[in-house]
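Using the sequences plus the hints, can you model the full thing?
One letter stands for each residue in the lines below.
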Amino acid sequence: ILNVEQSPQSLHVQEGDSTNFTCSFPSSNFYALHWYRWETAKSPEALFVMTLNGDEKKKGRISATLNTKEGYSYLYIKGSQPEDSATYLCASGSGATNKLIFGTGTLLAVQP
Amino acid sequence: DGGITQSPKYLFRKEGQNVTLSCEQNLNHDAMYWYRQDPGQGLRLIYYSQIVNDFQKGDIAEGYSVSREKKESFPLTVTSAQKNPTAFYLCASSIDSGSRYEQYFGPGTRLTVT
Chain S
43 ILNVEQSPQS
53 LHVQEGDSTN
63 FTCSFPSSNF
73 YALHWYRWET
83 AKSPEALFVM
93 TLNGDEKKKG
103 RISATLNTKE
113 GYSYLYIKGS
123 QPEDSATYLC
133 ASGSGATNKL
143 IFGTGTLLAV
153 QP
Chain U
1114 DGGITQSPKY
1124 LFRKEGQNVT
1134 LSCEQNLNHD
1144 AMYWYRQDPG
1154 QGLRLIYYSQ
1164 IVNDFQKGDI
1174 AEGYSVSREK
1184 KESFPLTVTS
1194 AQKNPTAFYL
1204 CASSIDSGSR
1214 YEQYFGPGTR
1224 LTVT
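Protein chains in written order, with my numbering: chain S, 43 to 154; chain U, 1114 to 1227.
In short, the hints are calculated from the structure, not lab data. Small disclaimer: the values here were computed from a predicted structure and weren't measured. Cβ coordinates follow ideal geometry from the N, Cα and C atoms, glycine included. Watch out, some of these pointers could steer you wrong.
[Claimed, not checked] No more than 20 Å apart at the CA atoms, straight line, and that leaves these computed lysine to any residue pairs for SDA-like:
(1) K101(S) / K120(S)
(2) K111(S) / T1118(U)
(3) K84(S) / Q1119(U)
(4) K84(S) / L1140(U)
(5) K99(S) / G113(S)
(6) K141(S) / S1120(U)
(7) K84(S) / P1121(U)
(8) K1184(U) / I1164(U)
(9) K84(S) / I1164(U)
(10) K84(S) / K1184(U)
(11) K141(S) / G1155(U)
[As the list claims (entries may be wrong)] A short list of chain S residues far from chain U (calculated; beta carbon distances all over 12 Å):
(12) E47
(13) D59
(14) S60
(15) R103
(16) K111
(17) S127
Structure (structure tokens):
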């Protein structure tokens, strides 16, 4: 994988549903994996930065896992709420530079 | 309030004119970045700066120029050489250079060139 790929492209769920998204990234020369939440009319906001294989991070109902050997990360949202509606971006950093490669995002819509 | 400001929110220009997008941060961050977003594509890096008076080209630098004369400011000039300038532009900063540091984003500027 040469690029960062996210799936699905969009997701519509009902309030209370749990959901997850996938981010695939180049596993060679891996340095860091970022997750951002981007709400409409707002700035992207960092959720997690993960660097170690097997990392798991949690913030409230949102959690993320990282597998650097196979080059994927999962983002989980437990009990989705309407305020979780946003585009979720992942970005991979390779090497010691500060250049991130972003995926195209997963658009989540949570229906009340 | 600490953060990143970009101005203006919307910008309209005629083809052939240079235009400068403003980005200011009061987070005391060393590193700053400019990204471009186009429909159906991920954010793409235009230029980044690791420290004052230093900057490097990103993946799509052609037709753009930047300066970093002050730590808090990183203006982006879209020149007439940029073939497809109409896009949404995001500025970001991080406390230090290196991809392990989270980036803080501004609200963006939507540039339309006709």
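Tested hints:
no., hint, verdict
1, K101(S) / K120(S), "holds, 11 Å"
2, K111(S) / T1118(U), "violated, 38 Å"
3, K84(S) / Q1119(U), "holds, 12 Å"
4, K84(S) / L1140(U), "holds, 18 Å"
5, K99(S) / G113(S), "holds, 17 Å"
6, K141(S) / S1120(U), "violated, 24 Å"
7, K84(S) / P1121(U), "holds, 15 Å"
8, K1184(U) / I1164(U), "holds, 7 Å"
9, K84(S) / I1164(U), "violated, 27 Å"
10, K84(S) / K1184(U), "violated, 24 Å"
11, K141(S) / G1155(U), "holds, 13 Å"
12, E47, "violated, 9 Å"
13, D59, "holds, 26 Å"
14, S60, "holds, 25 Å"
15, R103, "holds, 20 Å"
16, K111, "holds, 18 Å"
17, S127, "holds, 18 Å"
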